Amino acid sequence: MTDLRSNIFYKIVIIVTLSIYAAYLTYRLLYTINPEALIFSIVFYFAELYGLVALFLYFFQMWDFPHREVNLPEQGLRVAALIPTYNEDISVIRKTALACMNMDYPHDTYILDDGARPRVRELAHEIGCKYLERQTRIGAKAGNLNHAIQQIDADFFAIFDSDYVPYPHFLIKTLGFFKNSQVAFVQTPQHYYNIDSFTFRYSQKKQRIWNEQEVFYRLMMSGRDYWNSTFFVGTAAILRKEALESIGGVATETITEDLHTTIRLYKKGWKGIYHNEVLASGLSPMDITTYQTQKLRWAYGNISVIFYDNPILAKGLTLPQRICFFATCFGWTVGFSKAIYFISPGVLLLTGMYPIANFDMEFIIIYLTFLLTVLSGFKIASRGFGKVFRDEEYNMLNFFILMRATLRAIFRRKSEYKVTVKDAALPISLLYLIPQFFVLLTSYIGINWGLFKLYFHISQDYKGLGIASFWAFVNGFLAFSIVRGVTKPYHGRRHFRIPESLPLYVYQGNERFIGWTGNINERGVSLLSLSPLDLSRDVKLEIIIGTEVVKCEGEIVYENIRKTNKIYSYGIKLRNLTPVQENIIISHCFNVALPRLFRNFGAHISYLNNWVKMLRAKRIIKRKGQRYFIHILAIVRTEDGRERPYVTHDLSLSGALIITYESIFLNSSLYLDLILPVGKVGMQGRVVRTEELSLGKQTTYLLGIKFEDDNDISRQRLREFLKRESQRGYLEYFRVS
Amino acid sequence: MVRKPLIIVASLTLISLIVFFIFNLAYRDQILVNQAFFRMVNIPSPSLVDIVQKSSRRNLSKDDSAFLYRLSTILIRKRMRSEAIEVLGRALKNEPDNPQLKLQLATELFNDGRYEEVERLFNELLSQVR
Numbered sequence: 000m001t002d003l004r005s006n007i008f009y010k011i012v013i014i015v016t017l018s019i020y021a022a023y024l025t026y027r028l029l030y031t032i033n034p035e036a037l038i039f040s041i042v043f044y045f046a047e048l049y050g051l052v053a054l055f056l057y058f059f060q061m062w063d064f065p066h067r068e069v070n071l072p073e074q075g076l077r078v079a080a081l082i083p084t085y086n087e088d089i090s091v092i093r094k095t096a097l098a099c100m101n102m103d104y105p106h107d108t109y110i111l112d113d114g115a116r117p118r119v120r121e122l123a124h125e126i127g128c129k130y131l132e133r134q135t136r137i138g139a140k141a142g143n144l145n146h147a148i149q150q151i152d153a154d155f156f157a158i159f160d161s162d163y164v165p166y167p168h169f170l171i172k173t174l175g176f177f178k179n180s181q182v183a184f185v186q187t188p189q190h191y192y193n194i195d196s197f198t199f200r201y202s203q204k205k206q207r208i209w210n211e212q213e214v215f216y217r218l219m220m221s222g223r224d225y226w227n228s229t230f231f232v233g234t235a236a237i238l239r240k241e242a243l244e245s246i247g248g249v250a251t252e253t254i255t256e257d258l259h260t261t262i263r264l265y266k267k268g269w270k271g272i273y274h275n276e277v278l279a280s281g282l283s284p285m286d287i288t289t290y291q292t293q294k295l296r297w298a299y300g301n302i303s304v305i306f307y308d309n310p311i312l313a314k315g316l317t318l319p320q321r322i323c324f325f326a327t328c329f330g331w332t333v334g335f336s337k338a339i340y341f342i343s344p345g346v347l348l349l350t351g352m353y354p355i356a357n358f359d360m361e362f363i364i365i366y367l368t369f370l371l372t373v374l375s376g377f378k379i380a381s382r383g384f385g386k387v388f389r390d391e392e393y394n395m396l397n398f399f400i401l402m403r404a405t406l407r408a409i410f411r412r413k414s415e416y417k418v419t420v421k422d423a424a425l426p427i428s429l430l431y432l433i434p435q436f437f438v439l440l441t442s443y444i445g446i447n448w449g450l451f452k453l454y455f456h457i458s459q460d461y462k463g464l465g466i467a468s469f470w471a472f473v474n475g476f477l478a479f480s481i482v483r484g485v486t487k488p489y490h491g492r493r494h495f496r497i498p499e500s501l502p503l504y505v506y507q508g509n510e511r512f513i514g515w516t517g518n519i520n521e522r523g524v525s526l527l528s529l530s531p532l533d534l535s536r537d538v539k540l541e542i543i544i545g546t547e548v549v550k551c552e553g554e555i556v557y558e559n560i561r562k563t564n565k566i567y568s569y570g571i572k573l574r575n576l577t578p579v580q581e582n583i584i585i586s587h588c589f590n591v592a593l594p595r596l597f598r599n600f601g602a603h604i605s606y607l608n609n610w611v612k613m614l615r616a617k618r619i620i621k622r623k624g625q626r627y628f629i630h631i632l633a634i635v636r637t638e639d640g641r642e643r644p645y646v647t648h649d650l651s652l653s654g655a656l657i658i659t660y661e662s663i664f665l666n667s668s669l670y671l672d673l674i675l676p677v678g679k680v681g682m683q684g685r686v687v688r689t690e691e692l693s694l695g696k697q698t699t700y701l702l703g704i705k706f707e708d709d710n711d712i713s714r715q716r717l718r719e720f721l722k723r724e725s726q727r728g729y730l731e732y733f734r735v736s
Numbered sequence: 000m001v002r003k004p005l006i007i008v009a010s011l012t013l014i015s016l017i018v019f020f021i022f023n024l025a026y027r028d029q030i031l032v033n034q035a036f037f038r039m040v041n042i043p044s045p046s047l048v049d050i051v052q053k054s055s056r057r058n059l060s061k062d063d064s065a066f067l068y069r070l071s072t073i074l075i076r077k078r079m080r081s082e083a084i085e086v087l088g089r090a091l092k093n094e095p096d097n098p099q100l101k102l103q104l105a106t107e108l109f110n111d112g113r114y115e116e117v118e119r120l121f122n123e124l125l126s127q128v129r
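Residue numbers (numbering that gives the first Met the number 0), protein chains in the order written: chain A, 0 to 736; chain B, 0 to 129.
For the record, the hints were derived by calculation from the structure and aren't laboratory data.
Keep in mind that a hint or two might mislead.
[Claimed, not checked] Between beta-carbon pairs, the in silico distance windows are:
| id | chain 1 | residue 1 | chain 2 | residue 2 | range |
| --- | --- | --- | --- | --- | --- |
| 1 | B | Leu5 | A | Tyr307 | 30 to 40 Å |
| 2 | A | Ile41 | B | Gln127 | 30 to 40 Å |
| 3 | A | Met360 | B | Asp96 | 33 to 43 Å |
| 4 | B | Arg27 | A | Tyr307 | 50 to 60 Å |
| 5 | A | Ile38 | B | Arg56 | 48 to 58 Å |
| 6 | B | Arg27 | A | Val15 | 32 to 42 Å |
| 7 | A | Glu125 | B | Ile7 | 30 to 40 Å |
[Stated by the list, open to error] If you want the ones that stay clear, here's a sample from chain B, every Cβ over 12 Å from chain A, calculated:
| id | residue |
| --- | --- |
| 8 | Asp62 |
| 9 | Asn110 |
| 10 | Leu124 |
[As the list claims (entries may be wrong)] When the alpha-carbon atoms are kept at most 30 Å apart in a straight line, the in silico DSSO-like pairs for lysine-lysine are as follows:
| id | chain 1 | residue 1 | chain 2 | residue 2 |
| --- | --- | --- | --- | --- |
| 11 | A | Lys705 | A | Lys550 |
| 12 | A | Lys462 | B | Lys92 |
| 13 | A | Lys487 | B | Lys3 |
| 14 | B | Lys61 | B | Lys92 |
| 15 | B | Lys77 | B | Lys53 |
| 16 | A | Lys722 | A | Lys705 |
| 17 | A | Lys314 | A | Lys270 |
| 18 | A | Lys270 | A | Lys294 |
| 19 | A | Lys462 | B | Lys61 |
Only a predicted model underlies this, so the values are computations on that prediction, with no experimental measurement involved.
Idealized CB from N, CA, C, for every residue including glycine.
Required output: the full structure, derived from the provided sequences and hints.
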């Protein structure tokens with residue numbers, strides 16, 4: 000669970016940042032409005048003013064964070080898990096339904112099928128969960144939920160979108176909050192697991208994953224919880240039936256029924272809780288078409304709530320609640336101010352019109368002071384979650400769609416509820432990227448024009464044109480970066496595979512090899528082996544998943560040889576898996592591998608925050624020695640003579656970290672055979688650290704092993720291997736082909 | 000793999016060439032005057048008259064002060080004093096506090112025998128300096 004602390008230091012940072020911003024705007028208004036380009040100057044000023052309001056609302060929502068203890072729920076609560084669906088793929092619903100069935104607390108699982116599909120009914124029957132269908136589609140998802148809530152006899156409803164796979168302890172961790180009879184709902188972070196979507200940015204080398212939604216769900220929602228202003232987001236949440244009945248059910252007037260429902264609940268005096276721990280994971284849009292459809296719906300829905308249930312004027316809301324809900328609606332109107340920032344340098348360079356009068360050295364110094372203060376304040380207050388460049392990239396991607404949504408909401412054009420495609424990537428439509436290409440083009444043309452002016456002595460304003468050219472370059476780079484990220488070819492695989500290293504045995508004919516997986520799902524694996532396979536023949540696999548062994552057949556569908564280090568990589572399509580075996584793989588992927596992946600690759604505290612911590616005299620412990628995140632197969636022989644294959648988590652000359660599913664005692668001696676391309680390297684070692692990770696239903700252990708082998712040859716071979724492979728990355732976590 | 004960067008570079012080059020072409024059309028007169036000013040390229044007198052007339056018809060921007068100053072210098076070299084005085088007068092209207100323009104205009108007015116205007120200009124210059 001993310002534990003955010005807010006103390007006086009962060010509050011001072013927030014106050015100072017806002018004060019400097021306000022002072023800067025006052026100076027701008029008094030001294031720098033340009034009468035020779037009055038309209039441009041005023042428009043630009045309003046964009047900056049918008050920024051101040053937006054920053055104030057942003058900081059307000061992270062002023063402080065509540066500290067909540069998770070209590071165990073009472074026995075005997077009547078709980079139903081609801082999975083509303085319309086036209087989503089069966090395999091997507093299947094994973095979610097299976098995971099819902101696996102949740103710890105006694106409950107019933109319902110698939111709410113608005114599409115009345117026989118295949119979904121069969122799926123429910125096969126899995127053993129309940130099935131509800133509607134004859135009409137009135138109210139879309141909200142209508143579907145209301146229909147179910149009226150029919151089902153339960154006190155609490157856990158709601159999951161059809162692609163949202165809950166972890167087993169979802170109910171255990173959330174139901175306890177309902178001991179307070181005023182609590183209407185508990186919301187958990189909306190989290191995604193398909194990290195190859197363009198909404199993610201990742202670095203295997205830096206061990207970082209960043210998602211566009213991180214700041215909102217890991218930080219802002221928790222901050223809103225402090226003001227009792229968190230809101231139901233439509234999935235990964237649990238609601239009290241009594242609360243819903245008190246407001247006439249889930250709101251159906253807008254297409255963001257979740258936000259609207261929340262406002263109604265708060266008006267009635269109910270409370271909401273945000274439990275800042277990822278307890279469910281879903282699918283992020285895989286293509287620009289789906290992404291824009293979703294964004295348009297969210298933006299339009301959130302803004303139009305103002306016209307149905309204006310949170311600013313609503314009776315029953317506290318002042319902080321009004322501010323927070325106003326922030327929710329206001330935040331989606333950012334498109335216009337961003338458009339002004341993106342177009343302004345091009346306008347300046349092409350027309351010679353300056354939005355700032357007295358553009359001299361004094362102004363530049365004032366502006367730089369202001370900019371550095373605001374950026375630093377943002378970074379510190381964002382606790383490592385806010386990434387200025389990434390945030391601006393996605394502002395570049397979204398600005399036009401948000402403008403459309405704002406105008407649509409203002410002019411009250413109806414928008415219908417369009418289900419987000421969850422199971423495949425649609426073809427890339429460049430039409431959606433026209434605004435970004437436009438920014439790129441105007442920036443590039445503007446830079447050229449400005450440089451020609453200077454070169455041919457048309458203008459002597461090196462300062463102004465130079466700064467404008469730099470600004471246009473930054474905008475152009477943002478546009479180029481996001482276009483490149485969005486248009487990179489999506490992998491041919493329809494169903495995302497979780498990166499996970501599991502040892503396995505491969506049988507082909509009379510031969511037996513040992514290998515390990517690069518990634519896995521219930522349909523296939525990426526197999527890594529030091530021995531080549533015969534592509535014309537199928538294989539039999541024994542995949543060691545924790546304490547289970549999944550035996551199945553496999554068809555080799557692709558081969559990729561990394562010739563430099565003789566690792567053979569194969570794409571294997573799994574066949575003839577029983578439902579039990581599928582469940583084992585799905586369960587491991589979502590309950591063990593995924594939480595561990597995000598634990599290792601989650602938000603890291605930024606350098607600036609590290610520096611701040613140093614100033615506050617907190618010790619930052621650095622690891623000794625260079626460890627490489629390399630996944631190597633290791634046959635571990637323990638003191639009792641047992642041999643088990645494992646995969647290393649990281650490796651160095653002095654030791655290794657290994658993931659196991661059974662505990663090995665501290666200070667135990669063991670022997671590792673590291674399976675390297677150059678051959679086996681045997682190392683004697685001792686367990687110096689054990690860490691238990693209770694992830695999902697399976698406990699995993701991280702064992703730190705210190706090598707105690709004096710064998711020079713072994714150490715030499717290991718050293719050579721690490722030197723050669725460390726830069727390359729032995730295991731491609733995020734391969735997309 | 001190499002094709003994509005090549006396409007991008009080729010596209011950007013093409014755009015730059017198009018921009019350059021349009022730029023030359025838009026600033027044809029200014030480029031010509033600058034070439035004459037900096038590199039002593041000869042501009043025939045009828046073309047200079049044409050440039051003077053065109054500049055009198057359009058709205059002037061901040062950057063035009065330097066252009067008008069250079070144009071006036073070329074006119075002076077060509078002994079087209081009345082045109083030079085007219086251009087400098089317009090330049091000063093565009094940028095009234097430019098000392099270089101005032102000095103140039105004062106010099107030409109002096110050479111033209113308009114001493115009262117010269118005295119006014121020099122008084123303005125001196126009060127600026129003080």
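Okay, the hints, checked on the actual structure:
no., hint, verdict
1, B/Leu5 - A/Tyr307: 30 to 40 Å, "violated, 53 Å"
2, A/Ile41 - B/Gln127: 30 to 40 Å, "holds, 32 Å"
3, A/Met360 - B/Asp96: 33 to 43 Å, "violated, 19 Å"
4, B/Arg27 - A/Tyr307: 50 to 60 Å, "holds, 59 Å"
5, A/Ile38 - B/Arg56: 48 to 58 Å, "violated, 25 Å"
6, B/Arg27 - A/Val15: 32 to 42 Å, "violated, 52 Å"
7, A/Glu125 - B/Ile7: 30 to 40 Å, "violated, 51 Å"
8, Asp62, "violated, 4 Å"
9, Asn110, "holds, 27 Å"
10, Leu124, "holds, 21 Å"
11, A/Lys705 - A/Lys550, "violated, 33 Å"
12, A/Lys462 - B/Lys92, "holds, 24 Å"
13, A/Lys487 - B/Lys3, "holds, 12 Å"
14, B/Lys61 - B/Lys92, "holds, 11 Å"
15, B/Lys77 - B/Lys53, "holds, 19 Å"
16, A/Lys722 - A/Lys705, "holds, 19 Å"
17, A/Lys314 - A/Lys270, "holds, 15 Å"
18, A/Lys270 - A/Lys294, "holds, 27 Å"
19, A/Lys462 - B/Lys61, "holds, 14 Å"
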